[in-house]
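A.B. asks: Protein chains in written order, with my numbering: chain F, 1 to 529; chain D, 530 to 766.
Read the hints as simulated data drawn from the structure, not as lab findings. Glycine included, each C-beta is placed from N, C-alpha and C at the ideal position. Each hint should be verified, as a subset may be incorrect.
Interface residues of chain F toward chain D, partial, derived using beta-carbon atoms under 10 Å [claimed, not checked]: (1) Leu253; (2) Tyr311; (3) Ile312; (4) Phe313; (5) Thr315.
Restricting the straight-line Cα-Cα distance to at most 30 Å, the calculated cross-link-like pairs of lysine-lysine (DSSO-like) are [said to hold, decoys possible]: (6) F:Lys66 x F:Lys157; (7) F:Lys447 x D:Lys725; (8) F:Lys418 x D:Lys639; (9) F:Lys478 x F:Lys214; (10) F:Lys186 x F:Lys157; (11) F:Lys261 x F:Lys214; (12) F:Lys367 x F:Lys307; (13) F:Lys515 x F:Lys307; (14) F:Lys418 x F:Lys363; (15) F:Lys307 x F:Lys425; (16) D:Lys662 x F:Lys418; (17) D:Lys570 x F:Lys157; (18) F:Lys331 x F:Lys418; (19) F:Lys478 x D:Lys579; (20) D:Lys639 x D:Lys579; (21) D:Lys691 x F:Lys478; (22) F:Lys478 x F:Lys418; (23) F:Lys447 x D:Lys691; (24) F:Lys330 x F:Lys425; (25) F:Lys157 x F:Lys331; (26) D:Lys691 x F:Lys438; (27) F:Lys314 x F:Lys515; (28) F:Lys261 x D:Lys570; (29) D:Lys579 x F:Lys261; (30) F:Lys66 x F:Lys438; (31) F:Lys321 x F:Lys31; (32) F:Lys425 x D:Lys639; (33) F:Lys392 x F:Lys314; (34) F:Lys330 x F:Lys350; (35) D:Lys639 x F:Lys392; (36) F:Lys186 x D:Lys570; (37) D:Lys662 x F:Lys425.
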Amino acid sequence: MATVAPPLDNNHRPSSSSAAYDPTFVPDAVKTFVVHLYRHIRDNNVYEIHQMYDTSFHTLTDRLFKDTPWPSVDAVSIYVDNDHVFCLLYKEMWFRHLFARGSVGLKERIESWDNYCELFGVVLLGNVNIQLPNQWLWDMVDEFVYQFQSFCQFRAKLKGRSEHEIALLREFDKDFIENAAMQILKAWNVYGVLNFLQALVDKSMIIEILEREKQGLEQFTATDGYDYNGGSNVMKVLGYFSMVGLLRGHCLLGDYQTGLKCLRPIDNSQQGVYTSVIGSHIATIYHYGFANLMLRRYGDAIWEFNKILLYIFKTKQYHQKSAQYEQILKKNEQMYALLAICLSLCPQVKLVEETVNAQLREKYGEKMSRMQRYDDEAFALYDELFSYACPKFITPSAPDYDEPLVNYNQDTYRLQLKLFLYEVKQQQLLVGVRTFLKVFSSISLAKLAAYIEVDESTLRTILMTYKHKTHAADARGKIISNADIDFYIDDDIVHVVESKPSKRYGDYFLRQIVKMEGVINDLDAIKLD
Amino acid sequence: MGREVAENSPPPPVAVPESYTVEQLVAINPYNPELFLDLEKLVNEQVNSKTYNLDANLCLLRLYQFEPERMSTVIIARILVKALMAMPAPDFSLCLFLIPESVQMEEEFKTLIVLSHFLETARFRQFWDEAAKNRHLLEVIPGFQQAMQSYAIHVLSLTYQKLPRTALAEAVNIEGVALDKFIEHHVGNAGWALDKGHGKDQLIVLPRTEVNNPELKQNAADSIPLEHITKILPILG
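Between the sequences and the hints, there should be enough to build the whole structure, so can you do that?
C.D. replies: Following this line, the structure appears as structure tokens:
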């Protein structure tokens, strides 16, 4: 996807095709919009806020602001009593719209960073006593991480920039001050970004809240994070979503272990506040699955991808009108690609539900059969799918401005791809063995070696590799097998054992019991006249 | 709706009293550029005292990513050897994900990657040969040999119920009398047994677990964690 490097001069104006942009002009529709939104926020009318935020804003954007930014915050603030927090929120939306529209220059990126500093600063001080819809709060965290990612990509793309532009970037990065605290103040510095997310998690005490909820001492998930005691949900929910933000941030840096650790307070085998917003649900599972893939926990990844793909299949029609629809579809396709990869490396088709399996066959059936041959063509396919579906990794450090003919933004991606393919290639040895294990219930090492055309000693290493690769350590460090075909060796005979499919009776009964209880409660609640 | 506020910068790393250990510091705030020296010291401590802390090491590798000028290849090499010793855990790969490709091109790292490759593909003979050629890298880390032998036994235990003595010898790189002692020790402490195979070779019998005897594998999928049961207790009660 070739893009032209955006211009960097200080007089940068977002390109508008038709009319010149006048930031001080406020159309009537916008006046009405901000006045009503401000009132709903003051009245804590979350439902109305959500309608305006999710629908009206986009309708107005489509109608009036397809090619220009919204009016500047200074122009609208008089209609909202110059309320500080409202202005920060408006500005956040303003920048989000700018980023969504297209190329953003260095100046705007720094201004957006400053706005986030102020906004999160206010929240962290506990000075916000309103309630906002979860969708909005999720979008803030999501956009924050996205703009960080975008900035790293922007900074690292040196090829094609003019000397003047490179000088500006170099100037920007030159303020490398030894003092640790000063580093963090620099716009979109990785320390600053991660520290903000961590601070939101810490200050909101969300981890303790979730712990207490498990013991029945607090309500959080039950109220979807909203506060019905007159307090504010903003800091708590921002803290909650920041855990997902940290998972995402760490995946972008290639640190999957720590990413998963950040997510641990959230139990992703259950519903939770993260499922209350479709964008958050998908982002959580996508990154969780991807991290598990890189940690070779293919079984876990397959299980989670299966669940979310089924969920999206059943519910995507309800999101057709929403602004996130395209993103949902894109992530859906990417997760099918990741599922194809996982299943090729770990054939456990029993973990995949019928509908999902059918979709998977349609999209990747042919490619998967070629991938399982582990020849050069197969590696090319693994490369293709991985590159399509992986997150847009970033390089968190400043590039070398003395080497301006190189793009650095691909470095992390290339490394992750290389190491992933390395792992895939190690599985190449196992191809022949698997075919024969499916056919025989027991076979001598000598015979098997002859069939695969290797010597016995090599066969022993191949069999040991098979065992090692199919037995991953799970999150608690316990070794579990994800092999569909298993075996053991008794001196010089290989005995094959096929794993039986697990019928999850327990889960089924649990669900039916809860459902039945729900039905009985509903019946009890019916008043007969 | 909200009061005016002057503070608009991200929170600086939390200042903690001197008495906190490095592990505690990492737990409180891992995104702290002041942790470099402490984390590097911790790596050396892990080497000397045969301990291991993956989280702290990943934290340091991350910080090196953020500030490549402060990277120490000596420390990174140590972290990688410690990660190798953690096998079968995938820690070695996890560390590699965070080390720039250009750094991985250096000789000592290429060697470690080759060693890891041999271990991942159970090529124990090649592993020990290559390790012998690179003693200077490995012998400085106490416990390396034992850790590798432990891993070898782990893989053998996954694969075999009964294995010939020669296969064991190759995997743990011990021969002759020393091997006898080694086997004796495991017979006494790890549930091994000896068997006379039909050939001349002595057979080692490994304890049966659910990994080398899949028939024993309990249908774990059907066991229900306690938290799920607690949800329906009010209903049943």
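A.B. asks: To test your reading of the hints: which numbers does this structure violate?
C.D. replies: 2, 3, 4, 5, 17 and 30
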